[in-house]
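These protein sequence lines are chains A and B, in that order.
Residue numbering for the first sequence follows my numbering, starting at 3 and increasing by one per position.
Residue numbering for the second sequence follows my numbering, starting at 20 and increasing by one per position.
Derived from the structure by calculation, the hints contain no laboratory data.
Note that the structure is a prediction, hence the values are computed from the model and not measured.
Each residue gets a CB set at the ideal place from its N, CA and C atoms; glycine is no exception.
Each statement offered as a hint is correct.
DEER-style ranges, computed between Cβ atoms:
(1) V149(B) - P207(A): 41 to 49 Å
(2) P237(B) - K164(A): 14 to 22 Å
(3) V149(B) - G72(A): 25 to 33 Å
(4) L27(B) - H56(A): 42 to 50 Å
Residues per chain are reported as follows:
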Amino acid sequence: MALLESKLDPARAVFDQVVPAGDGFTHVVKRGQILRIVDLEGNQAADTLFYDAHAPENRYSAVDTVREQGNIYLTTGTKLMSSEGDVLMTIVADTCGRHDTLGGACAAESNQVRYALDKKYMHACRDTFLLTAACCTKDLSKKDITANVNFFMNVPVTPEGKLTFEDGVSGPGRYVEMRADRDVRVLISNCPQLNNPCNGYNPTPVRVLIWEVNHDG
Amino acid sequence: MTESQLILEESLRGGQTWSRVVRRGQTLRLTDVEGGAALAALFYNAEEPSERYNMPDTLKAQQIARLTAGFVLYSDMGRVLCSVTQDSVGWHDTITGHGTATHARAKFGEGSYQKLRNDWHRNSRDNFLVELGKYDLGKRDIVANLNFFVKVAVDEHGSLSFVPGHSKPGGFVELRAEMNTLIVLSNTPHPLDPSPTYAPKPIALTLRTGAPAGQNDPCRLSRPENARGFTLTESYFAGRG
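Isolated chain A (complex conformation):
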């Protein structure tokens, strides 16, 4: 785990917003800006997708990201790759140490499969993604909701090919910070999952900050 702290001062951020558990968030991060997501209370999964702001079909690709870096876990130095082979974001600081991108987002339907048929009523990330895409963007819909990053989430894979959801590796105040390598739309579902330990069975808020490094760096 490569822990690296940031020198950026939250008081000088140009954008600062708390996203409550179960809510969606979207914003365009301009090329060169730095985005930080803070796990305010610990053990909270922030399901996150990225799109080229000017060509959203050029979007975050989990499989391209893990293949190109030769490792399934995301941390400082990871380049978040697009489906077209472009670098969308680069992780530049990380006090959590490792983030998942194979576990995807929860959905009402996958909750039925994973937990019980009567779990369909429960709030899920896919609902948040769909609603935020429909309400807050002009060009995103179901087809654009693909395999996401789960910041602060721990999904280990064994050499035998097993995959499990484990208790979080994160803690209160831990954060991940990334630089936009082009203008990137960020879409976050602050995960409402109550059926597994990805949020410690207690979904909590995350904080999103953005810096202009030219003025602050």
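We have chain A; now place chain B onto it with these hints.
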């Protein structure tokens, strides 16, 4: 039970694409004739293609990071598109995606049609765009794919390594469609294959009639998640006569 009937046999050359709507209950056997094949695959509900193979949902429902017999391919709607009913290979990748023209050029050099005619260097990204385009699907429909016959091992630190020679000559995997499934295949080298030579291997395809998973089917019984997945799939087809 009625005897399974052969519907078609086809061979897929290196570099080639293939697609077909495989009807609920039909089985598709893929055979790696010479060994060392890599076959990229995508799956869609033929009736509503916005419902498609979902890598994360497939992995987390079954707590796996690979595909083999006894496991199923989930759509994003909690339904089973296909079951893996037989497999002599033991590990099929679904976490490392597919290659692009940029990968092919970097590894194999220029491989233009002008120079090589139909042995030109193809890549799965372009192949998928071509084959999906025939159904009016495109870039937004390309998601994390399966790579049949490919093993990319994951060590305890999460590092990936391509396993050369993983699939032996005659290795096969058999899928049974549990929905009317548009299957799209692209037969090009995997981007992590270290071989410097562009040499995709032939694949034999056999499509047969059959029936969807019965009550005692091993894929259904392999774990309670799959029993629920099949229930949701059957619910989707209920009342259709």
